[in-house]
Amino acid sequence: MDIFLQILISGLSLGAMYAVGTIALSLLWGTMGMMNLAHGGFIAIGGYLAYWCMTVLGASWIFVLPLALAGGMLSGYLMYHLVVRWMFERKEFGVDIIIATVAIAALVENGLLNIAGPSAKRQPFALSGGLRIGDVVLPYQTILTVVIAIILLIVVFYIVTHTKLGIVIRAISQQQTASRLMGVNTRSAFAKAMMLAGGIAAVSGVLVTGATQLFPSVGFDTTIKALVICIIAGLGNLRGAIFMAFVLGLFEVAVQYIFGQRYGFPAMLGLVIVVLIIRPNGLFGKATVDRV
Amino acid sequence: MTHAMQVSNLTAGYGRRQVLHNVSLDIEEGQVVGIIGPNGHGKSTLLKVLSGLVPVTSGQVFMGGISMDGLSAHGRVEQGLVQIPQGDLVFPDMTVEENLFMGGYLAQGRSEIERRLERVYDLFPRLAERRPQIARTLSGGERRMLGIGRGLMSEGQVVLIDEPSLGLAPKVIDMVYDVLAKLRSVSPTLLIVEENPVRLQGIADHIYLMDNGEFVWNGTPGELSRNSDLIATYLGT
Numbered sequence: 001m002d003i004f005l006q007i008l009i010s011g012l013s014l015g016a017m018y019a020v021g022t023i024a025l026s027l028l029w030g031t032m033g034m035m036n037l038a039h040g041g042f043i044a045i046g047g048y049l050a051y052w053c054m055t056v057l058g059a060s061w062i063f064v065l066p067l068a069l070a071g072g073m074l075s076g077y078l079m080y081h082l083v084v085r086w087m088f089e090r091k092e093f094g095v096d097i098i099i100a101t102v103a104i105a106a107l108v109e110n111g112l113l114n115i116a117g118p119s120a121k122r123q124p125f126a127l128s129g130g131l132r133i134g135d136v137v138l139p140y141q142t143i144l145t146v147v148i149a150i151i152l153l154i155v156v157f158y159i160v161t162h163t164k165l166g167i168v169i170r171a172i173s174q175q176q177t178a179s180r181l182m183g184v185n186t187r188s189a190f191a192k193a194m195m196l197a198g199g200i201a202a203v204s205g206v207l208v209t210g211a212t213q214l215f216p217s218v219g220f221d222t223t224i225k226a227l228v229i230c231i232i233a234g235l236g237n238l239r240g241a242i243f244m245a246f247v248l249g250l251f252e253v254a255v256q257y258i259f260g261q262r263y264g265f266p267a268m269l270g271l272v273i274v275v276l277i278i279r280p281n282g283l284f285g286k287a288t289v290d291r292v
Numbered sequence: 001m002t003h004a005m006q007v008s009n010l011t012a013g014y015g016r017r018q019v020l021h022n023v024s025l026d027i028e029e030g031q032v033v034g035i036i037g038p039n040g041h042g043k044s045t046l047l048k049v050l051s052g053l054v055p056v057t058s059g060q061v062f063m064g065g066i067s068m069d070g071l072s073a074h075g076r077v078e079q080g081l082v083q084i085p086q087g088d089l090v091f092p093d094m095t096v097e098e099n100l101f102m103g104g105y106l107a108q109g110r111s112e113i114e115r116r117l118e119r120v121y122d123l124f125p126r127l128a129e130r131r132p133q134i135a136r137t138l139s140g141g142e143r144r145m146l147g148i149g150r151g152l153m154s155e156g157q158v159v160l161i162d163e164p165s166l167g168l169a170p171k172v173i174d175m176v177y178d179v180l181a182k183l184r185s186v187s188p189t190l191l192i193v194e195e196n197p198v199r200l201q202g203i204a205d206h207i208y209l210m211d212n213g214e215f216v217w218n219g220t221p222g223e224l225s226r227n228s229d230l231i232a233t234y235l236g237t
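Chains A and B supply the protein sequences, listed in that same order.
So for the first sequence, this note's numbering puts the first residue at 1; every next one is plus one.
So for the second sequence, this note's numbering puts the first residue at 1; every next one is plus one.
Don't read these hints as lab results, they were simulated from the structure.
Once the Cα atoms are required to be at most 16 Å apart in a straight line, the calculated EDC-like pairs of lysine to aspartate or glutamate come out as:
#, chain 1, residue 1, chain 2, residue 2
1, B, LYS182, B, ASP122
2, B, LYS171, B, GLU142
3, A, LYS164, B, GLU98
4, B, LYS182, B, GLU155
5, B, LYS182, B, ASP205
6, A, LYS164, B, GLU97
Derived CB-CB ranges, DEER-like:
#, chain 1, residue 1, chain 2, residue 2, range
7, A, LEU82, B, SER58, 26 to 34 Å
8, B, ASP122, A, LEU78, 45 to 53 Å
9, B, GLU112, A, ARG279, 41 to 49 Å
C-beta: ideal position from N, C-alpha, C; glycine also.
Turn these sequences into a full structure, and let the hints steer you where they fit.
Dropping the structure here:
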């Protein structure tokens with residue numbers, strides 16, 4: 001029973017972290033048909049901003065998440081205006097943007113390597129200790145991660161379902177041509193979507209590095225996992241992506257407990273191959289994004 | 001009468017393939033103008049060029065005397081130029097009401113949107129009954145009504161409609177054309193593209209015939225019906 005509870009707690013907290021990373025990827029794919037492999041760069045930027053905020057500036061932990069959010073949004077805005085908007089209307093955008101975002105990820109990683117050095121650091125925005133429930137210990141860091149992740153998910157869902165930006169994002173993801181004919185300025189909507197995705201990714205970077213460690217390539221693993229989850233759920237499907245993030249978080253932890261630590265990620269990748277063979281559009285997949 | 005829209009010597013296409021050659025067109029305010037012609041000869045491309053989806057190679061488009069040169073698709077909607085696209089380009093995973101709301105995207109204020117919604121529901125009572133329904137689950141005819149209703153939500157001064165009867169049952173086509181006829185009385189200037197002239201003849205003031213990306217004839221519906229050779233040559237009916 002304790003083992004079951006432990007798996008459940010670890011799995012849900014891992015799932016919450018995956019869910020936050022995944023919605024950022026899913027949002028950009030859904031609205032823009034853009035595979036953002038620079039997602040890991042945003043994660044690292046968030047992690048390092050949090051670290052510098054507390055160690056270099058000596059600021060209170062209260063400022064960490066707003067700063068990471070602002071830094072991530074600014075990165076998303078710059079990436080749209082410096083790179084994405086110049087490629088977007090081309091036919092080959094889908095492939096070009098994958099290469100461009102890999103290049104951006106490498107640039108961010110190298111930049112951080114030069115500024116902060118290669119050594120892994122401890123993220124100061126983290127809690128130690130834990131809550132004991134019977135024989136199971138629930139670490140405070142886990143509680144913090146899950147709470148922040150759930151708040152972020154609620155905020156993103158509120159934006160997507162209840163605001164004008166949200167209805168525009170949904171409209172573009174379903175019918176881009178019709179959206180333009182309704183008077184939607186798609187460029188401005190894309191810039192906002194990228195700011196939103198950048199902000200979410202950077203905040204998730206604070207959470208991820210709090211649970212592990214901080215180093216320049218820290219976002220790589222999370223990006224791959226978020227990508228796997230997006231593909232299994234069906235690219236661009238937000239609800240499906242969040243659901244699958246929790247399912248796969250639990251699946252990974254269960255495999256780790258039963259078969260050993262090193263089998264978790266390979267098992268997840270095995271699952272994605274099976275899903276892609278059986279359901280090429282993912283479990284809740286929708287067909288491709290409309291582009292003119 | 002003032003000009004609602006003027007198109008002069010328009011040439012346009014996709015990349016190196018030019019589809020439209022030197023097309024000129026005049027629409028007076030409040031007029032209903034029809035464009036007919038065989039499929040694949042540039043009618044829909046012309047509408048896409050006018051609404052800013054396809055770039056102009058040469059020539060000019062004016063609306064109410066203002067040049068549309070360099071204006072994006074959304075900039076043209078702001079100027080009151082609205083296109084109701086061909087087929088079912090509704091937002092499939094949104095409700096009927098959300099689709100209509102997107103049509104009135106540029107409207108200011110909740111009360112203005114409500115007023116426009118009521119107007120569209122008056123024209124299409126069926127849409128009012130289907131308010132909360134997801135667009136994907138509507139019938140083909142209902143989706144077309146939604147597409148037209150959504151376009152009317154923007155209350156543009158010039159409305160371009162691409163093949164409103166395409167793929168619909170005769171009964172539904174009657175309903176769509178009844179609504180278009182009603183629109184005449186409330187104002188907008190309409191430019192309607194159809195492959196078949198029969199329905200258009202009852203509503204249009206002036207008809208242009210397009211073949212191979214050029215206007216080969218234009219005149220009134222009466223002149224067209226007296227000219228059966230023309231219809232037989234270009235439309236094969």
